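Novice: With chain B fixed as given, assemble chain Z onto it according to the hints.
2 protein chains.
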Amino acid sequence: MSLLVVGSIALDSVETPFGRREDVLGGSATYFSTAASFFGPVRLVATVGEDFPAEHVRFLEERGVDLAGLERRAGRTFRWKGRYAFDLNTAHTLETQLNVFGDFQPELPAAYRDSRYVFLGNIDPDLQRRVLDQVKAPRFVACDTMNFWIDSKRESLLKTLRRVDMLFVNDAEARQLAGEHNVVKAARRILGFGPRAVVIKRGEYGALFFAGDHVFSACAYPLASLFDPTGAGDSFAGGFMGYLARSGREAPDVLRRAIVTGSVLASFAVEQFSLDRLATLAHDEIRGRYRELLQLAHFDELEADLFDGLRR
Amino acid sequence: MSLLVVGSIALDSVETPFGRREDVLGGSATYFSTAASFFGPVRLVATVGEDFPAEHVRFLEERGVDLAGLERRAGRTFRWKGRYAFDLNTAHTLETQLNVFGDFQPELPAAYRDSRYVFLGNIDPDLQRRVLDQVKAPRFVACDTMNFWIDSKRESLLKTLRRVDMLFVNDAEARQLAGEHNVVKAARRILGFGPRAVVIKRGEYGALFFAGDHVFSACAYPLASLFDPTGAGDSFAGGFMGYLARSGREAPDVLRRAIVTGSVLASFAVEQFSLDRLATLAHDEIRGRYRELLQLAHFDELEADLFDGLRR
Numbered sequence: 001m002s003l004l005v006v007g008s009i010a011l012d013s014v015e016t017p018f019g020r021r022e023d024v025l026g027g028s029a030t031y032f033s034t035a036a037s038f039f040g041p042v043r044l045v046a047t048v049g050e051d052f053p054a055e056h057v058r059f060l061e062e063r064g065v066d067l068a069g070l071e072r073r074a075g076r077t078f079r080w081k082g083r084y085a086f087d088l089n090t091a092h093t094l095e096t097q098l099n100v101f102g103d104f105q106p107e108l109p110a111a112y113r114d115s116r117y118v119f120l121g122n123i124d125p126d127l128q129r130r131v132l133d134q135v136k137a138p139r140f141v142a143c144d145t146m147n148f149w150i151d152s153k154r155e156s157l158l159k160t161l162r163r164v165d166m167l168f169v170n171d172a173e174a175r176q177l178a179g180e181h182n183v184v185k186a187a188r189r190i191l192g193f194g195p196r197a198v199v200i201k202r203g204e205y206g207a208l209f210f211a212g213d214h215v216f217s218a219c220a221y222p223l224a225s226l227f228d229p230t231g232a233g234d235s236f237a238g239g240f241m242g243y244l245a246r247s248g249r250e251a252p253d254v255l256r257r258a259i260v261t262g263s264v265l266a267s268f269a270v271e272q273f274s275l276d277r278l279a280t281l282a283h284d285e286i287r288g289r290y291r292e293l294l295q296l297a298h299f300d301e302l303e304a305d306l307f308d309g310l311r312r
Numbered sequence: 001m002s003l004l005v006v007g008s009i010a011l012d013s014v015e016t017p018f019g020r021r022e023d024v025l026g027g028s029a030t031y032f033s034t035a036a037s038f039f040g041p042v043r044l045v046a047t048v049g050e051d052f053p054a055e056h057v058r059f060l061e062e063r064g065v066d067l068a069g070l071e072r073r074a075g076r077t078f079r080w081k082g083r084y085a086f087d088l089n090t091a092h093t094l095e096t097q098l099n100v101f102g103d104f105q106p107e108l109p110a111a112y113r114d115s116r117y118v119f120l121g122n123i124d125p126d127l128q129r130r131v132l133d134q135v136k137a138p139r140f141v142a143c144d145t146m147n148f149w150i151d152s153k154r155e156s157l158l159k160t161l162r163r164v165d166m167l168f169v170n171d172a173e174a175r176q177l178a179g180e181h182n183v184v185k186a187a188r189r190i191l192g193f194g195p196r197a198v199v200i201k202r203g204e205y206g207a208l209f210f211a212g213d214h215v216f217s218a219c220a221y222p223l224a225s226l227f228d229p230t231g232a233g234d235s236f237a238g239g240f241m242g243y244l245a246r247s248g249r250e251a252p253d254v255l256r257r258a259i260v261t262g263s264v265l266a267s268f269a270v271e272q273f274s275l276d277r278l279a280t281l282a283h284d285e286i287r288g289r290y291r292e293l294l295q296l297a298h299f300d301e302l303e304a305d306l307f308d309g310l311r312r
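Chains as they are written, first to last, in UniProt numbering: chain B, 1 to 312; chain Z, 1 to 312.
Source of the hints: derived by calculation from the structure; they are not laboratory data. Keep in mind that this is a model prediction, so the values were computed, not measured. All C-beta atoms in this analysis are idealised placements derived from N, C-alpha and C, irrespective of residue type, glycine included. Fair warning: there could be bad hints in the mix.
To spell it out: a stretch of chain B is covered by chain Z in this simulated footprint if at least three of its residues, at any positions, have a beta carbon under 8 Å from a beta carbon of chain Z; those stretches are [to be verified]:
#1 123-134
#2 181-192
#3 253-262
Here are the computed lysine-lysine pairs in the DSBU-like style, where the Cα-Cα straight-line distance is at most 35 Å [to be verified]:
#4 Z:K185 <-> Z:K153
#5 B:K185 <-> B:K159
#6 Z:K159 <-> Z:K185
#7 Z:K185 <-> B:K185
#8 B:K81 <-> Z:K81
#9 B:K185 <-> B:K81
#10 Z:K136 <-> B:K185
Same shape as in the complex, but just chain B (with noise of 0.2 Å):
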């Protein structure tokens, strides 16, 4: 498999009501990567500055990370703070520091270009473009976004979109994208946009998967130690795209697998601060929690004699 991500590497200050962190490692590409490396090897087009650890460049090596698109620049790394509330469902950003992320523009090393599996983790619309513009035939291509190129850049995004297969995105983006309330509704719309399908992620309630008229809900693992949500989409889509990379096929029941995989790294992420559950995890682990999540949603045919001498 060749799988490429592209997003940020951060330092982030989390505050939940179950602790606090300062500068730990963070970022979307750092999250995906993680959670895709349980299924091979990922490709990381991503920048920091002089001040990043070199224990972080470490433990991504060594989960098979390939960090030759990482690019290392003179000033400070991409910082976010934020604080969930008991509703552990919503971020709410205290600052923002982009720094040299602020000017980040993404070039793919030479070996780079022959990826088949694309993620375009959530950065300016116009860059997403840039990454596909350097790649030369990917086979499935996914992106996230957010509330802010929604608003900022619409129709820079709807042109990313006409080129991806899969979209990522929660509850109020899709209806944000959308302008539309009634969440399938809205799927259909951003179908309409140009991605084959959409992942609807709703947090510790699943996600919804719609491609053309096929719909797909996933039960989230129901989770008594959820700590620190953050992290939580891009484990999800690592974990959703690492699989579906190391399957090499794009059937629905494929999907179905990648998404209830992707449930369950992103199930893990939140278990605790930062990368921390995701370091010491384990395939049986993932095989697992994947297996329980059978049990939790199986349920058989009605009887055939249900309604047998019943009226209507």
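Specialist: Just chain Z now, with coordinates in the frame of chain B:
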């Protein structure tokens, strides 16, 4: 089967973003018994005033709802006025006129006392126990409640919970009752209060079922046509209890099918105002949507060789 419901019969005035209706048929016992009537007869205990239209009585009779327990008293029928904003998950109560429901003292006709399945709709927990006192040997008792009773009659509610097999609540009620934000922990605490099982209804997100260590996550049917959420919870409970009473067993697989059936009935109920959609619903449609949910939620096991040759 012998399924008993006690609850309200109301004349509702409802505003949604899609329209409004004045003095239409509503109430927990009404939605419950209509939904349950697809699976067999239902015994109803409720009260209405002199102004209650004869056509509504006929509607229930024609569905096989036993009205021996329907008390008609001097005065006006219970009235509820509510509004739903674009977030259709939450009702904003504009006005409540208890009228004859205000001093409702449920009395079971002698013929109801052998009821085996009992649903205690959302009424004063003192009255819920008063009903239980009149049932000889119930096999399965479920109850509903709301923030008002959790707040103002907590001790009485806890007494009721010690006598029921299953509690139906929504997310917010579960959190309030348990004093715990995490829904998994909240469910566990509620099980400690007495019920063998708890269903946490999450509106458009589905439902979670907890019984001991057994957990089931049911996705909701993704509706493009959600119109009026009034009665969704009681239709859910009606579909659940109707199916359960029809089946005559409480094995885990039966309870799971009952939950999905409840979800199907709720999904139809909200497609139109009042009881309008349930009034025209057919067995084949219930079966059809159940099958759609089976498809919607289905995914396969992970490949046995998925992680072969990968590090970690």
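Novice: For every hint, state whether the structure bears it out.
Specialist: Against the structure, the hints:
no., hint, in the structure
1, 123-134, "violated (count 0)"
2, 181-192, "holds (count 6)"
3, 253-262, "holds (count 6)"
4, Z:K185 <-> Z:K153, "holds, 22 Å"
5, B:K185 <-> B:K159, "holds, 21 Å"
6, Z:K159 <-> Z:K185, "holds, 21 Å"
7, Z:K185 <-> B:K185, "holds, 34 Å"
8, B:K81 <-> Z:K81, "violated, 44 Å"
9, B:K185 <-> B:K81, "holds, 34 Å"
10, Z:K136 <-> B:K185, "violated, 50 Å"
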